[in-house]
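Engineer: Chain order of the listed sequences is L and S.
The working numbering puts the first residue of the first sequence at 1, with every later residue one more than the last.
The working numbering puts the first residue of the second sequence at 385, with every later residue one more than the last.
Honestly, I wouldn't trust all of these hints.
[What the hints assert, rightly or not] So the derived label-pair ranges between C-beta atoms look like this:
#  : chain 1 : residue 1 : chain 2 : residue 2 : range
1  : S       : E457      : L       : A362      : 32 to 38 Å
2  : S       : R466      : L       : Q323      : 32 to 38 Å
3  : L       : E243      : S       : V482      : 39 to 45 Å
4  : S       : D387      : L       : S370      : 25 to 31 Å
5  : L       : D366      : S       : P443      : 51 to 57 Å
6  : L       : L231      : S       : V398      : 54 to 60 Å
7  : S       : S444      : L       : R325      : 47 to 53 Å
8  : L       : R325      : S       : I415      : 16 to 22 Å
9  : S       : P386      : L       : G377      : 26 to 32 Å
10 : L       : Y237      : S       : N446      : 37 to 43 Å
11 : S       : D426      : L       : S370      : 31 to 37 Å
12 : S       : S397      : L       : G377      : 33 to 39 Å
13 : L       : Q323      : S       : M474      : 19 to 25 Å
14 : S       : Q473      : L       : I236      : 49 to 55 Å
Treat the hints as calculated values from the structure; they're not laboratory data.
It should be emphasised that the depicted structure is a prediction, and the values quoted were computed from it without experimental measurement.
The beta carbon of each residue, even a glycine, is placed where N, CA and C say it ideally should be.
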Amino acid sequence: MNDLKRQKQKISFDMAPGDPVQSGLIPPQARRVQIALPTQPKIPAQDFYEEPLFDRAAWERDLALPKPSEPAASTHSINVTPRAPSFAATGLMAMQERGFSHRFARVPRGVGAVAAAFILVVVTGTVMSQRDNPSPQQAAVSSEYMPETFSEVPTRAVIADMTDVSEISAPATPTAQSRAALNTAVPAGLQLPSAVPPASAKSQPERVRDAMQTLGGNKLRMLRESVIAGLFDVEIYTREGVERVRLRTYNAPLANVVSSNLLIDVVGMGDAEMSAALRTPEGGADVETMMFELVQASLLADEDTARVEAALDMSRKIFAASQARTEAIDGRRVYTVQRGDSLAYIALQFYGRPSAYPRILAANRDILQSSGEIQIGQRLTIPS
Amino acid sequence: MPDGRALGFIPGSVSLPHETVAKDNAFRDEILKALGARAFEDVFNFADAQNLVVFDNGPSQNDAGILIAHLLEAGYPADKIRYFRGGMQMWSVVGLTVRE
Numbered sequence: 001m002n003d004l005k006r007q008k009q010k011i012s013f014d015m016a017p018g019d020p021v022q023s024g025l026i027p028p029q030a031r032r033v034q035i036a037l038p039t040q041p042k043i044p045a046q047d048f049y050e051e052p053l054f055d056r057a058a059w060e061r062d063l064a065l066p067k068p069s070e071p072a073a074s075t076h077s078i079n080v081t082p083r084a085p086s087f088a089a090t091g092l093m094a095m096q097e098r099g100f101s102h103r104f105a106r107v108p109r110g111v112g113a114v115a116a117a118f119i120l121v122v123v124t125g126t127v128m129s130q131r132d133n134p135s136p137q138q139a140a141v142s143s144e145y146m147p148e149t150f151s152e153v154p155t156r157a158v159i160a161d162m163t164d165v166s167e168i169s170a171p172a173t174p175t176a177q178s179r180a181a182l183n184t185a186v187p188a189g190l191q192l193p194s195a196v197p198p199a200s201a202k203s204q205p206e207r208v209r210d211a212m213q214t215l216g217g218n219k220l221r222m223l224r225e226s227v228i229a230g231l232f233d234v235e236i237y238t239r240e241g242v243e244r245v246r247l248r249t250y251n252a253p254l255a256n257v258v259s260s261n262l263l264i265d266v267v268g269m270g271d272a273e274m275s276a277a278l279r280t281p282e283g284g285a286d287v288e289t290m291m292f293e294l295v296q297a298s299l300l301a302d303e304d305t306a307r308v309e310a311a312l313d314m315s316r317k318i319f320a321a322s323q324a325r326t327e328a329i330d331g332r333r334v335y336t337v338q339r340g341d342s343l344a345y346i347a348l349q350f351y352g353r354p355s356a357y358p359r360i361l362a363a364n365r366d367i368l369q370s371s372g373e374i375q376i377g378q379r380l381t382i383p384s
Numbered sequence: 385m386p387d388g389r390a391l392g393f394i395p396g397s398v399s400l401p402h403e404t405v406a407k408d409n410a411f412r413d414e415i416l417k418a419l420g421a422r423a424f425e426d427v428f429n430f431a432d433a434q435n436l437v438v439f440d441n442g443p444s445q446n447d448a449g450i451l452i453a454h455l456l457e458a459g460y461p462a463d464k465i466r467y468f469r470g471g472m473q474m475w476s477v478v479g480l481t482v483r484e
């Protein structure tokens, strides 16, 4: 019995003639449980390797011999261990000998030069042909957005997408209704309530009206129609390291540099008159929020419930996408003013309406001037 | 206090039955606000929302899973929610502090 157990230890999986299974040393019923692994697996060397196994004696003998002279240039062999099969002596280094570099060592240099020249010609031809025929996508990208053309005033990215007029098919003269709505609703939204009348903001309604007349009421109308049709989306973008949100209409994909510039110019001319709620800490005008307020206010002034709903949708989208973060200090919500912010923009992010900024102003009387100018880094309490 | 919580809970944790953040619960908005969300009409902004670690009794229960599903449905950002699947069972098995 003991003998049998010892035999079992020696069982291996191969079918060599000495196999106890083959030779019948193990009774047939015991074959099923022969899972014991042999302590020393027999690897049939000749099946795996073409070269003879490492002959240590010969290797040691060769080591004692003087080093062989430079090998023949054409074979390019790195003979680390003389006469030893390279895989056995040096592991991965052996791969080098039979692999890539070895094969290429035999390629004449002339062939390589010809191949390189051919590749160069092909690549050059491809590049040239692409330069001649830019793909439509490239063309579209290059003409889509040219911020450098209106970057004279240091404001955050103009809401150029909202101000596009390039595809307008509407009549040039605005309807009486839209103009009336614009005149009444727009400036009213961003003026301080009469309780705190800023001395300087008086002429802003005229300024904005002038601006909008310069732009043409049909541009605003087009934006309104985009919003009513729901053809707009919120875009999150980064400017000067600050993440911002803005609306972007689908049917107006091209930036309207002209109208944005006009708006900036008009605001710039009447710098002192501009509502401070739309002033950025850098001294520029927050044109994006201004356009938002223009479009939204003109929609809200409508009696059509669908338009009012569309106006609220503008707020919803901006509000939900806002990235503005606050800290809780002594139970207060505190927001730190960042580059490109304006009081109206902060109000838009926290209350959904730019015109809600007096709430912030009122809560920060101690650090803000009554006009509402803000500084970068200022910590504003945001009442909830 | 819910039955499971009365048996013991992780110190500093807050009990929030998943029914309270179900879509049809009238107080859901208030709870979301308490978690730091900002509300405007029917939309929420979760920029200020707290990071949550949600757990329940453990693998034998799915209350935490339901709570997370409700939160996600409400728009709570997934990257602000962590799910401690081991729950109270694993917590106590490894001998961590349990308050009762």
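Engineer: The structure should be examined with respect to each hint, and the outcome stated for every one.
Structural biologist: Now the hints, each set against the structure:
At roughly 36 Å, the beta-carbon separation of S/E457 and L/A362 lies within the given 32 to 38 Å, and the hint holds. Range check, S/R466 to L/Q323: Cβ separation about 21 Å, and the 32 to 38 Å hint is violated. For the hinted restraint 39 to 45 Å between L/E243 and S/V482, the CB-CB distance of approximately 41 Å keeps it satisfied. Checked against the hint of 25 to 31 Å, the pair S/D387 and L/S370 fails, with Cβ atoms roughly 57 Å apart.
Checking the proposed 51 to 57 Å range against L/D366 and S/P443 shows it holds: the Cβ atoms sit about 54 Å from each other. Between L/L231 and S/V398 the beta carbon distance is about 43 Å. The supplied range of 54 to 60 Å is therefore violated. In this structure the hint that S/S444 and L/R325 lie 47 to 53 Å apart at CB is violated, the actual value being about 38 Å. Take L/R325 and S/I415: their Cβ atoms lie about 20 Å apart, and the range 16 to 22 Å holds.
Restraint check, S/P386 to L/G377: a C-beta distance of roughly 46 Å breaks the suggested window 26 to 32 Å. Checked against the given bound of 37 to 43 Å, the beta carbons of L/Y237 and S/N446, roughly 40 Å apart, stay inside it. Restraint check, S/D426 to L/S370: a C-beta distance of roughly 34 Å satisfies the suggested window 31 to 37 Å. In this structure the hint that S/S397 and L/G377 lie 33 to 39 Å apart at CB holds, the actual value being about 36 Å.
Judged by the Cβ atoms, the range 19 to 25 Å given for L/Q323 and S/M474 is violated: they are separated by roughly 36 Å. For S/Q473 and L/I236, the hinted distance range of 49 to 55 Å is not satisfied, since their beta carbons lie about 41 Å from each other.
Consistency note: the structure conflicts with the earlier hints numbered 2, 4, 6, 7, 9, 13, 14.
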